[in-house]
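Undergrad: Residue 208 in UniProt numbering sits at position 208 of the sequence shown; the count goes up by one each step and never skips.
Hints are computed from structural coordinates only; laboratory data are not their basis. Be a bit skeptical, because a hint or two may be false.
[To be verified] Cut-off 30 Å, straight-line C-alpha distance, at most; resulting in silico cross-link-like pairs (DSSO-like, lysine-lysine):
1. 143 / 132
2. 143 / 126
3. 132 / 263
4. 156 / 132
5. 231 / 262
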Amino acid sequence: MGLCRVNVFQEKGQLTIAELSQKYSLPAEFLRQEIHARLGTVIHGELKNQYLTTAHFSRRVESIVRGVLTAACRPVAVSAIATEFNLPNDSVTNAAVQLIRLAQLQGRLQSGIFTPARFSTGQSDKVTSFYKANAFVPFSLAKDCGFSDAHGFLQKEFPEGIPLATVYVHPQLVAPLHANLQEAVAASSWADLSSLFPAALTPEDAHLLLLLAAEESASGRKGASPSTCKKPLPLVTFDDGVALSHGFLDIFCQAVAPFLAKKAAAEAEKSTAGAAAKHTEVRLLCRYTPRPRAAKAA
């Protein structure tokens, strides 16, 4: 196995079983066994997976990866390091994994992307600050901050929150809406809640939020179980934020009932009169018989 002692191995620092097999026309498994038997004696290096690497090369890769990723303030692609320093991608990945395992790097490696711990902390603080200041946070903001599973991250960080279509809201956003709806129900009136919706909400978000606000919790009543399901308040809600209580609708219907009855009677009378006139016209036409024309003189 003198092939592994030549200068080319020391210069390159790394060879693959595949290129050795191709160069010397030998089976890959045979080469693996022969190299493994000579490690530490004839061959001074280490064999990992398909790579035969010198100790110096491994230390060099580890040193480069440690330096680059320790200084990183934003997510870094492992492939970018490999390209920049002309290193095998697998070697760079293995070095990063090893350094993270030994706690020499603070961060996480996922799908070939290293995310520094300081970046995750800063982005998490950004999302938290927005949520606490506005009582909601868009899922898109969490994704832009590097959290691919925005729903999972927000539910873990803010378990009290409520997911809508495009935003995650705090229950305090629902409370004033619910109070206004309860007042409308108690007064047999109506409410326009559109001004209470955050401008960032989509129509679908507003609709879902209004449905949440229109729910009346039975657990708040005396003797009710906390596990009792919620029931909706007696309301009719619209996507633009307007809600009409059933009491208001009853009063409205009673108020317009006489007018509608009068209008219906007038229409019925008009329809009857029109039908009678048409019937008379038909009768007159039926009575009319055209006189025969006189024959012309020859």
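Undergrad: Out of the numbered hints, which ones does the structure contradict?
TA: 3, 5
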